[in-house]
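Undergrad: So you can see what is in the structure, the chains are spelled out below.
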Amino acid sequence: KAGVTQTPRYLIKTRGQQVTLSCSPISGHRSVSWYQQTPGQGLQFLFEYFSETQRNKGNFPGRFSGRQFSNSRSEMNVSTLELGDSALYLCASSFRDSTDTQYFGPGTRLTVL
Amino acid sequence: TQLLEQSPQFLSIQEGENLTVYCNSSSVFSSLQWYRQEPGEGPVLLVTVVTGGEVKKLKRLTFQFGDARKDSSLHITAAQPGDTGLYLCAGAANQKVTFGTGTKLQVIP
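Which chain is which? The protein sequence lines are B and C, in order. Here the numbering used here is used: position 65 in the first sequence is 65, and no number is missing along the way. Here the numbering used here is used: position 48 in the second sequence is 161, and no number is missing along the way.
Where hints are given, some of them may not hold.
Straight-line alpha carbon distances no greater than 20 angstroms define the calculated SDA-like cross-link-like pairs of lysine to any residue that follow [claimed, not checked]:
{"hint": "1", "chain 1": "C", "residue 1": "K183", "chain 2": "B", "residue 2": "F64"}
{"hint": "2", "chain 1": "C", "residue 1": "K170", "chain 2": "B", "residue 2": "G58"}
{"hint": "3", "chain 1": "C", "residue 1": "K217", "chain 2": "C", "residue 2": "E154"}
{"hint": "4", "chain 1": "B", "residue 1": "K13", "chain 2": "B", "residue 2": "S27"}
{"hint": "5", "chain 1": "B", "residue 1": "K13", "chain 2": "B", "residue 2": "F64"}
{"hint": "6", "chain 1": "C", "residue 1": "K217", "chain 2": "B", "residue 2": "S79"}
{"hint": "7", "chain 1": "C", "residue 1": "K209", "chain 2": "B", "residue 2": "K13"}
Hint data in this document are derived by calculation from the structure and do not stem from the laboratory.
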């Protein structure tokens with residue numbers, strides 16, 4: 001069974017731009033969660049989607065948004081990028097919800113210049 | 114807000130030594146998971162503990178869930194260079210997961 005895939009793996013953007021990251025979950029998994037990982041803050045929860053609906057949301061500004069498609073693939077978007085948005089963005093899929101075993105993708109490393 | 118504090122933050126030890134990593138919170142969790150993350154990759158689940166006082170062993174790794182389900186520990190016996198990585202605990206409650214602050218382990222050959 002193929003694992004969680006994330007594209008792109010690396011991204012460099014400048015302040016003010018916007019970015020879209022993509023995540024393909026494990027086949028059959030309907031829950032997709034997104035996390036931001038930085039050395040200073042650790043792994044922080046962004047949001048969780050299940051059956052195309054946002055089920056939970058972390059404490060991030062509205063510049064961070066996401067969506068899920070009918071095939072469970074998910075995208076997250078960050079608008080008006082700031083230097084502090086530089087991070088590793090991880091996507092995790094699970095069968096029912098984020099308290100199930102989560103399978104993480106390799107992440108997208110975003111650098112904002 | 115549920116917080117999970119891990120200690121120590123960093124650990125550098127020689128191959129063959131034993132170590133323990135702690136994960137503490139003031140909140141009660143319905144289950145607690147431990148992950149290991151290697152550079153350039155996402156975290157990989159090691160174990161899930163669900164019962165207070167539960168002890169699980171995975172080869173040289175021993176995981177314990179506190180009686181009150183607020184804390185957990187990970188003990189590694191005879192550490193090997195392949196154990197090097199970032200260890201994360203994650204507590205689940207009310208359909209949400211909170212990750213710990215992480216422990217970066219380096220095992221020197």
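Undergrad: Each of the hints needs a verdict: does it hold here or not?
TA: Okay, the hints, checked on the actual structure:
1. K183/C / F64/B: violated (31 angstroms)
2. K170/C / G58/B: violated (33 angstroms)
3. K217/C / E154/C: Satisfied, since the Cα-Cα distance of roughly 14 angstroms is no more than 20 angstroms.
4. K13/B / S27/B: violated (31 angstroms)
5. K13/B / F64/B: holds (15 angstroms)
6. K217/C / S79/B: violated (32 angstroms)
7. K209/C / K13/B: Outside the cut-off at roughly 31 angstroms; violated.
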